[in-house]
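J.: Keeping the supplied structure of chain Y fixed, place chain E upon it in accordance with the hints.
Quick mapping for you: the protein sequence lines, in order, are chains Y and E.
Quick note: the first sequence, position 12, residue 12 per my numbering, numbers continuous.
In my numbering, each residue's number is its place in the second sequence (first place is 1) plus 1000.
No lab work stands behind these hints: they were computed from the structure.
Hints may be right or wrong, so weigh each one.
To give a feel for the contact side, a few chain Y residues facing chain E, derived at Cβ under 8 Å [to be verified]:
1) 34
2) 43
3) 46
4) 49
5) 106
Only pairs whose alpha carbons sit at most 25 Å apart, straight line, appear in this in silico BS3-like list of lysine-lysine [unchecked claim]:
6) E:1069 to E:1026
7) Y:41 to E:1104
8) Y:41 to E:1026
9) E:1026 to E:1070
10) E:1104 to E:1070
11) Y:55 to Y:66
Heads up, the beta-carbon is just placed ideally off N, CA and C, and yes, glycines get one too.
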Amino acid sequence: GAVVSQHPSRVICKSGTSVKIECRSLDFQATTMFWYRQFPKQSLMLMATSNEGSKATYEQGVEKDKFLINHASLTLSTLTVTSAHPEDSSFYICSARAGGAGIQYFGAGTRLSVL
Amino acid sequence: SQQGEEDPQALSIQEGENATMNCSYKTSINNLQWYRQNSGRGLVHLILIRSNEREKHSGRLRVTLDTSKKSSSLLITASRAADTASYFCATDAGQAGTALIFGKGTTLSVSS
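Just chain Y, with the same shape it has in the complex (with noise of 0.2 Å):
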């Protein structure tokens, strides 16, 4: 089946300093990609979509100059995370759409910490 590879899994920042989360898709073309996020014990929550060759769609109360998206190719969206402060520490997890309107795919979540 397709497959959504997310890196990092995990990674552990000082504040002030910026981390880029890499989400590919491995074995389909994805024009549309999504990145949630997740604090503990809560549910997952859309941040933004990332549409291939445009500007990303943000949800409401989402910082798009905190939280760069960028989506340069079919397979390959990137989540920035500039001048991470402690309350961005959180569970990251992006998707992928095969085909479409097809079935959407996950990656496995980049755990990010911020001291």
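T.: Just chain E, lined up with the frame of chain Y:
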């Protein structure tokens, strides 16, 4: 954004008992999916039920969908300690460019 509520928020049962979790949603859907998430881990896709289906089975899982009430239920029969996890429903509008929207989840604890 989130679709709606799941209940119960937490459920504790003994091994061998059945566990039922409910999910309500707000908008029209193409399908509804259930996922499991072990603590600190990624999502595991369990089952998908389409809007024109009322019931679906997969092993010890039984899912129902009532589109008139905008609700779904997940039944796990003969539960095992390994079923301990959080369970989420997610709705899919089925359109290119739209994301799955997750419910708040139910935390299931199965004790042996």
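J.: Hint by hint, say whether it matches the structure.
T.: We went through each hint and held it up to the structure:
no. : hint             : verdict
1   : 34               : holds (4 Å)
2   : 43               : holds (5 Å)
3   : 46               : holds (5 Å)
4   : 49               : holds (6 Å)
5   : 106              : holds (5 Å)
6   : E:1069 to E:1026 : holds (9 Å)
7   : Y:41 to E:1104   : holds (9 Å)
8   : Y:41 to E:1026   : holds (23 Å)
9   : E:1026 to E:1070 : holds (7 Å)
10  : E:1104 to E:1070 : holds (15 Å)
11  : Y:55 to Y:66     : holds (14 Å)
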